[in-house]
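Enquirer: As a plain string of letters, each chain reads:
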Amino acid sequence: MSRTLRAAVLVALAAVVVSVPACGNKNKGGGDRITIGVVTNCTDPFWDLCEAGAKKAGKDFDVDVLFRQPEGLDVAKQMPIVEAFVQQGVKGIAISVINPKGQKKDLTRIAAEVPLLTMDNDADADTGRLAYVGVDNAEAGRAVGRLVKKALPNGGTIGMFIGSDVSANGTARTQGVLDELATPDANGKAETRKLNGKDVPGKLYGKYFLVDGEAKTDGGPEKNPQQYPHAMLGRLEGVPDVCLIGLYAYNPPAILSAVRSKELIGKVKIVGFDENPVTLKAVAAGEIEGTVVQDPYNYGYKSVEILAAVARGDKSKLPTKSMAYQVVTKDGAPDQTINGLAIKFPKAADYEVTIKAQFASIGK
Amino acid sequence: MTRILGVLGLLVALYAVLLESNPAAGSLRNLIYVGNNQGRYGLVTLGAALVIIVGGIDLSIGSVVGCAAVLFGVLMKQGVHPVAAVGWVLLFGVCVGLVNGLLVTRVRLQPFLVTLCGMFVFRGAARMIGGAVDTPSVLEAHPEYAGALDALTAVLIGKNEKGVLVFPAMFALLLLAAAAVGFFLHRTAYGRYWYAIGHNELAAKYAGVNVNRQRTAVYVTCSALAALGGVLLLLNDSTISSDTAGAGLELYAILGAVLGGCSLRGGEGTAVGMVLGAMVLPVLETLVSFRGLKNDVIPAVIGLTLLLGTVTDELIRRRSRVSR
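Residue numbers (the working numbering), protein chains in the order written: chain F, 85 to 448; chain X, -5 to 318.
Next up, chain F with everything else stripped away, as it sits in the complex (with noise of 0.2 angstroms):
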């Protein structure tokens, strides 16, 4: 028995000692380097970005940083990441919020123990985070509305599509779509229209009819986000002027592969959201009018910077207002301020190769 044993306990240790410890940075947390964590609200090339930006401000600020990107949109497989961090003793995190009003409690009681930034998604401001890094949702959302606008100018049907919405940047962006469709003319009205031989139930935002009148959700990349604008177009066949909105990254490349399948590029406006590479390549062949981006990298660089700094006693990098979008389309055009913001308008082909450089940094 005690060979039995003695057998068991060191085939398994090997095992172990094989497979984990062989990778990764270890972290030994009383040491005196300054450890930052960065978690992201699920898995998504966009975040790979963020973390290319991350990776490179713990370079240039002399930090290690954590960076773990848990599975689809789930609290339960957040929060042990950000718990694990609180106990390794990082000096700093940074979270992509998924549901503010939920998760409040667990946040306030950590940005008591760690000092926390919110980045991408935005937690109340009385849970003690000490800021928010990224877009302002609404503002990016008019963006996409006036790219709506000008793809169809006379009006028309609309679909949108979303992760989630109840995140803050999801009711925050879909609302700012819908304002800016909606300018000057009232919002929000309850109609039912007869769209390819069907009732269709929906709401009329100035000159456009969104179908359902409401974002639809689909729960995450990994819930195959293709099934539902595939299955809008099917409502819609033979409909004039549609336009479907994606806003979460991976939404636009899911519109695109449903519009193709279906035969429709170019009959079929689409606008996207975030810098998903297959996006700005469709930006850039003209299959796709053009896409509000919010450059990842950047929130992963100054999270990094910001929590760096604080870590050392320095508050004042800080942000006081929201960092500016850009639009990305084919021609692109002259930067402008909108709304105290200055918006910059890059070429398609352009900021492909920047976000080309960002995904070669960390291997991708």
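No wet-lab data here; the hints were simulated from the structure. A portion of the hints provided could be inaccurate.
Said to hold, decoys possible - Output of the computed footprint for chain X on chain F, the stretches with three or more beta carbons under 8 angstroms from beta carbons of chain X:
{"no.": "1", "region": "146 to 159"}
{"no.": "2", "region": "164 to 175"}
{"no.": "3", "region": "181 to 188"}
{"no.": "4", "region": "241 to 250"}
As the list claims (entries may be wrong) - Straight-line distance between alpha carbons at most 25 angstroms, and here's what the computed BS3-like set of lysine-lysine pairs gives:
{"no.": "5", "chain 1": "X", "residue 1": "K288", "chain 2": "F", "residue 2": "K175"}
{"no.": "6", "chain 1": "F", "residue 1": "K448", "chain 2": "X", "residue 2": "K288"}
{"no.": "7", "chain 1": "F", "residue 1": "K189", "chain 2": "X", "residue 2": "K71"}
{"no.": "8", "chain 1": "F", "residue 1": "K300", "chain 2": "X", "residue 2": "K71"}
{"no.": "9", "chain 1": "X", "residue 1": "K288", "chain 2": "F", "residue 2": "K139"}
{"no.": "10", "chain 1": "F", "residue 1": "K185", "chain 2": "X", "residue 2": "K71"}
{"no.": "11", "chain 1": "F", "residue 1": "K185", "chain 2": "X", "residue 2": "K156"}
{"no.": "12", "chain 1": "X", "residue 1": "K156", "chain 2": "F", "residue 2": "K175"}
{"no.": "13", "chain 1": "X", "residue 1": "K156", "chain 2": "F", "residue 2": "K189"}
{"no.": "14", "chain 1": "X", "residue 1": "K288", "chain 2": "F", "residue 2": "K440"}
{"no.": "15", "chain 1": "X", "residue 1": "K288", "chain 2": "F", "residue 2": "K140"}
{"no.": "16", "chain 1": "F", "residue 1": "K143", "chain 2": "X", "residue 2": "K288"}
Glycine included, each C-beta is placed from N, C-alpha and C at the ideal position.
Starting from the known structure of chain F, fit chain X onto it as the hints suggest.
Expert: Okay, now just chain X, sitting in the frame of chain F:
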């Protein structure tokens, strides 16, 4: 005894590597935190393991956990007192188990198929009854429940009203449940029936065991534990989304059961083994966090470690069979 040596070794090794990885890993606070996660996994693992012992499988566990969590939140929002809501949710679990059990035993459908369908049905049901549920919204609608919710959270989760984890109540709950399962499994005739059914259903039947009733009882236990898991999920995280809550948990539960010495062929498994098996994954998850592993390698590292643990376990068992 040999059945649990492999998993015990794996667990000891994982704890050793975890404690070595960071001074804070050995802190009481961290150990309590890990223990509580183990409790949450463990409760559903017990149910999955019992089903496996009688030669079945339950793939609906994760969806039942999610659906139960959403149901718990929605009931409270509708004005059902939190304690009563827990009762209703457990009753929901019992009903799910009853349906699963009856479909498997009376309609004679494959457990794999029945519970696979259940996996979709209850995920869908969760989405239908509510998208995202959180306790702050419940309290907005019913501020009078604050005391009851805090008390439930303190008793079942071990968190105080500020959300600070002070006692691993979920782990304690696991130990209690495991003691009960162990008592039935190892000290009563029911346990012998269950092993007998798993080993050879026909023989058990001819020996006078009411196979259908015993099987159904086991499915009911499994789903009721999953429903309890849902209650714990919402109390612990205070916010859940019907899309993701409990997703994939059935696989973790089955894995824990198998690591703990249950054979997927049925008829084998111990209560101690189930607890140890369920304890592995939370330690491993904490370990990858403390080690600061890169995201891309984490799933592979977890999978490989578990695979090696299972291989070790199997080798030991074969060896002990030969030496016997």
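Enquirer: Each hint: holds or not?
Expert: Here is how each hint holds up against the structure:
Using a Cβ-Cβ cut-off of 8 angstroms, 9 residues of the region 146 to 159 of chain F lie near chain X, which meets the minimum of three, so the contact claim holds. For the region 164 to 175 of chain F, the stated coverage by chain X is satisfied: 8 residues place a CB nearer than 8 angstroms to a CB of that chain, which reaches the threshold of 3. Counting residues of the region 181 to 188 of chain F whose beta carbon lies closer than 8 angstroms to any beta carbon of chain X gives 6, which reaches the threshold of three, so the coverage claim holds. For the region 241 to 250 of chain F, the stated coverage by chain X is satisfied: 3 residues place a CB nearer than 8 angstroms to a CB of that chain, which reaches the threshold of 3.
A C-alpha spacing of about 19 angstroms is found between K288 (chain X) and K175 (chain F), which places the hinted pair at or below 25 angstroms, so the restraint holds. With a CA separation close to 13 angstroms, the supplied pair K448 (chain F) and K288 (chain X) stays within the 25 angstroms bound. Between K189 (chain F) and K71 (chain X), the direct Cα distance comes to roughly 19 angstroms. Compliance with the 25 angstroms bound is thereby established for this hinted pair. Between K300 (chain F) and K71 (chain X) the alpha-carbon distance is near 24 angstroms, which keeps this suggested pair within the 25 angstroms criterion.
Using a Cα cut-off of 25 angstroms, the hinted pair K288 (chain X) and K139 (chain F) holds, with the two alpha carbons roughly 12 angstroms apart. Among the hinted pairs, K185 (chain F) with K71 (chain X) is consistent with the structure: their alpha-carbon atoms are about 15 angstroms apart, no more than 25 angstroms. This hinted pair checks out: K185 (chain F) and K156 (chain X) have alpha carbons roughly 15 angstroms apart, not beyond 25 angstroms. Between K156 (chain X) and K175 (chain F) the CA atoms are separated by roughly 22 angstroms; this keeps the pair inside 25 angstroms, and the hint holds.
Only pairs whose Cα atoms come within 25 angstroms are accepted, and K156 (chain X) paired with K189 (chain F) is accepted, the gap being roughly 7 angstroms. Proposed proximity of K288 (chain X) and K440 (chain F) is supported: the alpha carbons are some 20 angstroms apart, at most 25 angstroms. As the CA atoms of K288 (chain X) and K140 (chain F) are separated by approximately 16 angstroms, the hinted pair is consistent with the 25 angstroms bound. A C-alpha spacing of about 17 angstroms is found between K143 (chain F) and K288 (chain X), which places the hinted pair at or below 25 angstroms, so the restraint holds.
The structure fails none of the hints (numbered hints given earlier).
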